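**Q** Protein chains in written order, with my numbering: chain E, 1 to 180; chain C, 1 to 180; chain H, 1 to 180; chain Y, 1 to 180.
One or more hints might be untrue.
Identical copies carry no separate label here, and so any pair may be met within one copy or between two of them.
[Stated by the list, open to error] Straight-line C-alpha distance at most 25 Å; calculated SDA-like pairs for lysine to any residue: (1) K39 x F109; (2) K39 x G26; (3) K39 x M1; (4) K39 x V129.
In short, the hints are calculated from the structure, not lab data.
This structure is a prediction, so every number in the text was calculated from the model and none was measured.
There are 4 protein chains.
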Amino acid sequence: MAAARRVFARDGFHRAGVANVCAEAGVARGTFYNYFDSKRTIFAAVVEVMMAEVLGVVVPIDVAAPIAPQVVANVERLVRAVAADDVGRVLFSEAAGLDAEGDAALREFYGFAIGRIEAALRTGQALGVVRSGETALTARCLLGLIKEPVFQAALAGEALDVEGLVAAVGRVLRGGILIG
Amino acid sequence: MAAARRVFARDGFHRAGVANVCAEAGVARGTFYNYFDSKRTIFAAVVEVMMAEVLGVVVPIDVAAPIAPQVVANVERLVRAVAADDVGRVLFSEAAGLDAEGDAALREFYGFAIGRIEAALRTGQALGVVRSGETALTARCLLGLIKEPVFQAALAGEALDVEGLVAAVGRVLRGGILIG
Amino acid sequence: MAAARRVFARDGFHRAGVANVCAEAGVARGTFYNYFDSKRTIFAAVVEVMMAEVLGVVVPIDVAAPIAPQVVANVERLVRAVAADDVGRVLFSEAAGLDAEGDAALREFYGFAIGRIEAALRTGQALGVVRSGETALTARCLLGLIKEPVFQAALAGEALDVEGLVAAVGRVLRGGILIG
Amino acid sequence: MAAARRVFARDGFHRAGVANVCAEAGVARGTFYNYFDSKRTIFAAVVEVMMAEVLGVVVPIDVAAPIAPQVVANVERLVRAVAADDVGRVLFSEAAGLDAEGDAALREFYGFAIGRIEAALRTGQALGVVRSGETALTARCLLGLIKEPVFQAALAGEALDVEGLVAAVGRVLRGGILIG
DNA sequence: CATGAATGAGCTTTCATTCAT
DNA sequence: TATGAATGAAAGCTCATTCAT
Chain E
1 MAAARRVFAR DGFHRAGVAN VCAEAGVARG TFYNYFDSKR TIFAAVVEVM MAEVLGVVVP
61 IDVAAPIAPQ VVANVERLVR AVAADDVGRV LFSEAAGLDA EGDAALREFY GFAIGRIEAA
121 LRTGQALGVV RSGETALTAR CLLGLIKEPV FQAALAGEAL DVEGLVAAVG RVLRGGILIG
Chain C
1 MAAARRVFAR DGFHRAGVAN VCAEAGVARG TFYNYFDSKR TIFAAVVEVM MAEVLGVVVP
61 IDVAAPIAPQ VVANVERLVR AVAADDVGRV LFSEAAGLDA EGDAALREFY GFAIGRIEAA
121 LRTGQALGVV RSGETALTAR CLLGLIKEPV FQAALAGEAL DVEGLVAAVG RVLRGGILIG
Chain H
1 MAAARRVFAR DGFHRAGVAN VCAEAGVARG TFYNYFDSKR TIFAAVVEVM MAEVLGVVVP
61 IDVAAPIAPQ VVANVERLVR AVAADDVGRV LFSEAAGLDA EGDAALREFY GFAIGRIEAA
121 LRTGQALGVV RSGETALTAR CLLGLIKEPV FQAALAGEAL DVEGLVAAVG RVLRGGILIG
Chain Y
1 MAAARRVFAR DGFHRAGVAN VCAEAGVARG TFYNYFDSKR TIFAAVVEVM MAEVLGVVVP
61 IDVAAPIAPQ VVANVERLVR AVAADDVGRV LFSEAAGLDA EGDAALREFY GFAIGRIEAA
121 LRTGQALGVV RSGETALTAR CLLGLIKEPV FQAALAGEAL DVEGLVAAVG RVLRGGILIG
């Protein structure tokens, strides 16, 4: 699994071969198929782990405590999780469009993430700390707000400026962009 | 080209075969290779056209006229362009991670788009209609704000609610999310 | 035909394409097939012309006149004919092993040439100017004596030293190699 | 390798397909590519073995012992080696003109063979058993003397009369053809 | 008669997967 | 359980040839 993760992160699903994964793991091809049904299967397993890692870092907001720092902390952990180990690269570039099953897993992942954001928005609206308004599309927008800079950094091959990104996201969340 | 666009949009680069493209176009395999060097080549051509379509709908802001409606109109055209014909699906899912050349083209595309957004932010700051602050990461965030809902709609196989999205984006741009 | 000859001489039968021949001749592909049935056909025609050229330069020996100079002159003309225009390259490298028909043509060509040499040997023996002995294999040996240096020059891409070759051949013919 | 040798000998490089080689060997196409990079590669390997076989049978002349029988023995072994297994067919018809690399290998082969002959001629001249005179072209002529009858037999599809050929070559070597 | 776009059979090659050891 | 040689379906691509214009 760890070897597969490295190989998929480095080469992507299509350019990576089972042979590469086996070589990286130091086992024979047959051994691979004793543990995984197919290349597709291990990729799905790797992706699932990555999704769990990403979703796992988000901590539910405690409404009794100050909210803003909790949101910031969540965003920061999220960004770090996605930026680590090419997780973003695999999840955002490779996982989409593989096949129906893969897309379903991806939909579930995003559905869960967006659901959490939307729930947070609703709770925030109820508490009066989030502006009222439609939440479904807004949740998707917020997801993109965080995801896109990570994707761009991966595409450019640059390290991500996590603090800067958290600050930028925070600014947009708090006050938008336009004045007046 | 039109046939290839349909096939790549439907099946993706890897699942689509030259045979599929030829069948869709109603020509023989040899005919294909009279016009394109390789499967990779025609995909690059399709992607390039899509990129041009997307970038082409963005009209420079006229600072003499009211700015907000112009921004809204740009966002709306952009969203429609990306949502049409699975452009988003191809550009966001298939084009990334193919090879070095493809990634370079993608970087150029995003670089141009982000550059435009950043320039607009700077101009807006100079005019006093955009809050001051860092612009590079913010530009990426704004790109994600628009891109992600389109991607999600494509992933879910739903039609995109363009007006709703434009409204949601507008809301975030104007006032952010958080109160106080 | 002239264009085909150039192309086949330059590229060989297999690496040359009908497209190359047409480009060299400045005509369209369809035009080519108005005059020749196939690539194989025009190659056969080119080869036939070359064979005729080679065989045509050999002049029957006039037994009334001094014989040695006539033989030398024949060898020299033969060498020049084979060395010119990559004739040797086409005849010796490309024409063999194409298909049954091509091999048959080649057999006829060599059969004729070897027959001429053998007849000359027999006549010479009758006249007492050629040592007695078996003639069939000897004729093949003599053919090789002339052909091989031409082939080697073509393979090495060097110009052939015609005078030197004629002298060397003459020396072997007259006195062999070994002493005593 | 053995199967490939048979197939290349029978069909030639261009008419032989990897499929034929695999069928002859009784293995699947994939198996072939586990051992050889390409059709070109295995052909080069086959040719190399053939070249080594041919060059390997030539034994250096021992100047202390009678020379003529040694030369005859060498020629005989050479002829047998080239005549066996369609070695001549592959080496003389198929190997030439494939590509730059193949021609280079062929040049090396012939260069080595001609070099050996030339060295033998020089040694013979020093020992006074070979007539004085130019050696480079003469060496090529002698090569042709032996090679051509083998080639002709292969082309005609006849078995080669090895003893007759050795005798004919011997006659030419010793006394040439012409009298007086 | 010249054209050249269209053709499609057939080639080489790849690689996920199997299975006897 | 680990192995890795063997597998073969399927892909991309070439090029001699045809035929409507």
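**Q** If a hint holds in the structure, say so; if it does not, say that too.
**A** Evaluation of the provided hints:
Proximity of K39 and F109 under a CA criterion of 25 Å is satisfied intra-copy only: 21 Å inside one chain copy versus 32 Å between copies. When the C-alpha separation of K39 and G26 is checked against a cutoff of 25 Å, the pair qualifies only within one copy, where the shortest distance is 16 Å, while the shortest distance between copies is 29 Å. When the C-alpha separation of K39 and M1 is checked against a cutoff of 25 Å, the pair qualifies only within one copy, where the shortest distance is 11 Å, while the shortest distance between copies is 32 Å. Proximity of K39 to V129 under the C-alpha cut-off of 25 Å is found in neither arrangement, the shortest distances being 46 Å within a copy and 52 Å between copies.
Of the numbered hints listed earlier, the single one contradicted by the structure is hint 4.
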